[in-house]
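Novice: Chains as they are written, first to last, in the numbering used here: chain D, 170 to 574; chain W, 283 to 744; chain L, 91 to 268.
I should point out that these hints are in silico values taken from the structure, not numbers from a laboratory.
Please note that the accuracy of each hint is not assured.
[As the list claims (entries may be wrong)] Taking CB as the label site, the calculated pair distances span:
id	chain 1	residue 1	chain 2	residue 2	range
1	W	R325	D	G346	48 to 54 Å
2	W	I492	L	R252	22 to 28 Å
3	W	P438	D	N442	30 to 36 Å
[Unchecked claim] Quick look at which bits of chain W chain D covers, simulated, 3 or more residues with Cβ under 8 Å:
id	region
4	538 to 546
5	557 to 568
6	615 to 629
The structure presented is a predicted model; accordingly, all values stated were derived computationally and were not measured.
Note that beta-carbon positions come from the ideal geometry of N, C-alpha and C, so glycine has one too.
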Amino acid sequence: MALRQTADELIPELRRYQRQLLLAGAAGAVVSFVGYVLNPAQFFQSYLMAYMFVLGLSLGSLALGMVHQLSGGAWGVVIRRPIGAAARVLPALTVMFLPIAFGMHHLYEWTHADVVANDPILQGKQLYLNTPFFLVRAAIYFAAWNGISFLLNRWSLEQDRTGDRRLSRRMQLLSGGGLLAYGLLTTFAAFDWMMSLAPHWFSTIYGVLIIGGQALSAMAFLIVVLVWLSRRKPLSDIVVASHFHDLANLMLAFVMLWAYFSFSQYLIIWSGNLPEEITWYMHRLQPGWRLVALLLVVFHFAVPFVLLLSRAVKREPDTIMKVAAAILVARLIDLFWLIAPEFHQDGVYVSWMDVALPLTLVSLWLGCFMWQLRGRAILPVYDPQFEEALGPIIDQGGETPRTAH
Amino acid sequence: MDNPMPLEERQLTGAGSGVPVIAPGHTFGSVTDKISAIVLTRRTPIGWYLGFMTAAALTGLLLVSLSYLVVEGIGIWGNNIPVAWAFDITNFVWWIGIGHAGTLISAILLLLRQTWRTSINRFAEAMTLCAVACAGIFPLFHTGRPWLAYWLLPYPNTMGIWPQFRSPLVWDVFAVSTYATVSLLFWFVGLVPDLATLRDRSQSRTGRIIYGALALGWRGSAMHWHRYETAYLLLAGIATPLVVSVHTVVSFDFAVAIVPGWHTTIFPPYFVAGAIYSGFAMVLTLSIPIRAIYGLQDFITLRHLENMAKVMLVTGLIVAYGYTVEAFIAWYGGNAYEGFMIWNRITGPYAPAYWALLLCNVIIPQILWFKSVRTNVIVLFVLSLVVNVGMWLERFIIIVTSLHRDFLPSSWGMYQPTFWDWSTYLGTIGLFLMLLFLFVRFLPLISIFEMRTLLPEAKGEQ
Amino acid sequence: MHSPDVYGLMAEFADPNELVAAAHRAHHEGYRRMDAYSPLPIEELHEAIGFHNTRLPLIVLIGGIVGGLAGYLLQWWASAVAYPLNVGGKPFHSWPAFIPVTFECTILGAALSAVFGMLALNGLPQPYHPVFNVPRFTLASRSGFFLCIEARDGKFDLSRTRAFLETLGATEVTTVAD
């Protein structure tokens, strides 16, 4: 019976958490506004970092959800609903992009006409790097991401109501094309919003690096959520150690991929040592910023990598949650290291807004996530893979979704 | 059984695919007999002899070409300055890439618990070994004096000098030799229990002695199986990053240089995807005729072919992503040489090859979006050939178009393959096929013991 | 207790489940020196005969670490100590350039340890083993499932152990010559 109820009915405290998080986010917004008044340039830098972090949670979840539609597997069935809820925060994220559009002049050097007038390379890029086209592109990205998320979530809701399995076929078809669109558009969004902070610099792997980071952020977040949900009925009877094991293995794979992409980019640019490329690293590896880079090597790669090799760590919900939470912090530091050195080229600098804005945006994002999680059943009971993936576990516990309605 | 469809069979069928990975009705005995009969009792088909003779003749051509090369020197090839790397490195990268599908099927799909891999992994691993053997020939003979190839290895010598470890070409020596070693070990370890089967079932004394020696005295002990499975899983875990690293190092051969068209950071993941793409194409090229000739449709089902087609579609799209980003950044970067490079590919003297590459690798494979294509054996076979050609062209374009237009127009040149370029390339295709023909004749081309684990009987159902 | 030319008693079973059940019963009965033989790996079988974990993962870990360290030290020593050579203005100790070879050496060390560690722990290659004296044992690589209680087990008694094996539902019990 319980599986057909909405998360709201099963976990009443969700509503309370949602309210508290949104209130905290509102308070944070007020504090951040003070920051904007005091130092608008710093405000937009910190905002961009925080925004890319929460955007990664939603987009990474959307992408993982589409991968699961195509690949199948028990790992995705247990996190399908958190995936959907995270993706449904995208409309809110669309609104939250507006400050970046307003802050373009503070963030992007190529918007300064006087700079471009004296820079032949930037003049060559004007066809792409100009304000109207930048905004049009952003509109296209958001339209596509929201459109894909909207259709997938609507069909999934319809399947919850009707049990129509043909909808899965439709979702798979959309996921195929959707992943393609996600990959291309997210790449160009990464070029626009982050790579063009250093308008002379370019790296063809940059989009892949950001996509891999989004997948890692989303996976780490989903593991934290699943551990939290698995301490409560009804998931406490359904989620078992092997689910965490599979998800943790995927997280390990993303950790390794991040290291692989990052190191490949570094080795190629370091070996080539061309002035237009290496300066980007010189800013990020000068004394001070080098420590942040070292921090990333240790906490974004080495420590999680070694821990996640252990079977015991991957199967114990409490430990895996700690590892996943630490990875989320490391993700934020990675974005900080990608963005902030561009504006603080004479040494490491951490503003109070680099803490306040992530806290604000994460609170708002989590509040929206809880709100979206509440409205639907906690598991996709009519998904064709549901029985194969979870049937044996549920049969043992005496709950059968087939007799549920 | 009152249940019309036992649980295991349902799992084998998988969600929504409808086609099982192994046809119903088989038992431990029938699977063993059917696969081992190809090696032990069945009369060798006439097609095997014809194919083997053709492949052996091409291998003869390879021997002639290489002998002439050693006597005469690299000048018999079309290589020149500025195009110092041409067919040899193109073929090297092409063959190494083909090999990667074998490791991917045996290692990554094992870790992902994709049981459909079982009937194709042995064969794909053998393909890896043959492809690596062919790949190794090219850099070895490109040195001009292959008998001095050991100079590439770090060993104390009379000159007191050491390999230049900051050069990707030395990394390549380590990557490719590690890859060859690990692939051989992985393949051999997988073979041991099946060699024991052949030892126990062989009718001839020679067969018993040879298979017996190779089986190392395997007796199927429970303790042995436990350690064996642990070792096999660990090897799969080790081979997965290895296969990624090998093509990454191959891509570094180009990317750490500052040649326009080579020096670009997307190369590592995009080379790896391209390798898997061409490798799966080659597995399809080979397995479609083999399953027809040996009647293995029960074991290599349409489900396998469709899954491989899906992998091709995905990796092909990643490769297309690589082309797109590369072209965009060549313009966006504002570097005159990079911009010229991409323009020269599109409109320069090698433009027809560039457009053919886009056609073969990007445009034609889009038909794989349709299920009717993915389950049509003939179309898949033709498409796999198209992708093989496309991926060869890709390496040719990357290598030759980037080299033939040097930074100074006074250093520009052209490359035309000579007869000996072609004969060496065709010769390695002959060697590849000849080694595979020998493998199919003398060793079980499907893992027998892993097929047993897929049967309902393995779970105690009758 | 037993004649020196007997290695043990070999019982044959019809399918994997019966073999696992029989192994459990024999272990429960107090037999320790025994082994089960099957044409395919059976998940719970090694536990049924009382064999638990293998040290192989640790061996592989050590092999990998030794390989990686050796690879890095070799490069550092050759490039920065034995014959320092300025190439492209790069430092003698160019750690980023040493990562690929270090990685490959780690993999090589781990893979060699996995294969040779497994063979060594299994005592392979082993050209002669008494179980091969049983004529029907050739089926152990096709479709036969066997349990062999060895004569060196303290509880072994030719007639009593044979009677015990027959109660387990063995299709055939054979004496294995040493």
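Novice: Check whether three or more residues of the region 538 to 546 of chain W sit with their beta carbon closer than 8 Å to a beta carbon of chain D.
Specialist: With 5 residues in contact (Cβ-Cβ under 8 Å with chain D), the coverage given for the region 538 to 546 of chain W holds.
Novice: Do the beta carbons of W:R325 and D:G346 sit within 48 to 54 Å of each other?
Specialist: The hint (48 to 54 Å, Cβ to Cβ) holds, given that W:R325 and D:G346 are roughly 50 Å apart.
Novice: If you check the beta carbons of W:P438 and D:N442, does the distance land in 30 to 36 Å?
Specialist: Holds - the Cβ-Cβ distance for W:P438 and D:N442, about 32 Å, lies within 30 to 36 Å.
Novice: Given the range 22 to 28 Å, decide if the beta-carbon distance of W:I492 to L:R252 lies inside it.
Specialist: violated, 37 Å
Novice: Please count how many residues of the region 615 to 629 of chain W have a CB within 8 Å of a CB from chain D and say whether that reaches 3.
Specialist: The restraint on the region 615 to 629 of chain W holds, since 3 of its residues have a Cβ under 8 Å from chain D and three suffice.
Novice: Using a Cβ cutoff of 8 Å, are there at least 3 residues of the region 557 to 568 of chain W near chain D, or does the coverage claim fail?
Specialist: violated (count 0)
Going down the numbered hints, you'll see the structure goes against 2, 5, while the others check out.
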